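Q: Residue numbers (the working numbering), protein chains in the order written: chain A, 1 to 111; chain B, 112 to 233.
Read the hints as simulated data drawn from the structure, not as lab findings. Incorrect hints may appear among the rest.
[What the hints assert, rightly or not] Beta-carbon label-pair distances, calculated as ranges:
hint, chain 1, residue 1, chain 2, residue 2, range
1, B, Asp213, A, Thr44, 41 to 49 Å
2, A, Ala76, B, Gly153, 37 to 45 Å
3, B, Lys176, A, Pro57, 30 to 38 Å
4, A, Gln81, B, Gln124, 16 to 24 Å
5, B, Lys176, A, Pro61, 19 to 27 Å
6, A, Thr109, B, Lys176, 46 to 54 Å
7, B, Ser128, A, Gln81, 22 to 30 Å
8, B, Gly137, A, His98, 40 to 48 Å
9, A, Ala82, B, Gln124, 24 to 32 Å
10, B, Ser128, A, Ser21, 21 to 29 Å
11, A, Ser78, B, Arg130, 29 to 37 Å
[As the list claims (entries may be wrong)] Keeping only pairs whose Cα atoms sit at most 30 Å apart, straight-line, the calculated DSS-like set for lysine-lysine is:
hint, chain 1, residue 1, chain 2, residue 2
12, B, Lys154, A, Lys47
13, A, Lys47, B, Lys225
14, B, Lys176, B, Lys154
15, A, Lys47, B, Lys187
16, B, Lys225, B, Lys154
17, A, Lys47, A, Lys107
18, B, Lys187, A, Lys107
19, A, Lys107, B, Lys154
20, B, Lys176, B, Lys225
21, A, Lys47, B, Lys176
In this text the structure is predicted, and so the values were computed from the model without any measurement. All residues carry an ideal CB built from backbone N, CA and C; glycine is no exception.
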Amino acid sequence: QSVLTQPPSVSGAPGQRVTISCTGNSSNIGAGYDVHWYQQSPGTAPKLLIYGNNNRPSGVPDRFSGSKSGTSASLAISDLQADNEADYYCQSFDRNLHHWVFGGGTKVTVL
Amino acid sequence: EVQVLESGGGLVQPGGSLRLSCAASGFRFSNFAMSWVRQAPGKGLELVSGIHDDGLGTYYADSVKGRFTISRDNSKDTLFLQMNSLRAEDTAVYYCVKQDGDPYYNYCMDVWGKGTTVTVSS
């Protein structure tokens, strides 16, 4: 059972927009800690996709965007493309556990 | 190029030990906290252990506390994970990760290695 809750899967057609939620509580996201997102394509290592809630590292397309409100955060992928098929993980800090925690991951399928 | 490269994985019997290493390059290793994150087959990511930039602060997941020890050699830009009393449930790909951000509780994991596979089986 992950501290941060994500839907196991989301899907969309090419060109559509999909969103992935990441739900925490008052000891992590709701306490004001930043949320980060990672993309893991099949057979590869995770890669930082969004940091500090809504910032993209160099090289990440602006089709990817992040937001945070209250005890939840979201990752949006617009203009969905075939190579966006991957697992996506959110991550934040939990003050009760005193370390960083991950969501359980969401598999994005392009129909 | 900023990169980290893991080594030391392999097949080990239950109760055995392994030492993972992670060689860093392309950045000032001594300025950054580092962590080990693992992924069991078909499962999600789990933060196993982390260490502050100066090596004086460490943390461990409850699942490995007392069995694993993280350390670093800043003179050789290398991170280590000593794993003792290994169990079947420790079977996973282990990733070496560079952390960045400020303050520490807002760290993200901005550089990942390709991972090294640890298999615990008789």
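Q: Need the list of violated hint numbers for this structure, in ascending order.
A: 1, 2, 4, 5, 6, 7, 8, 9, 10, 11 and 18
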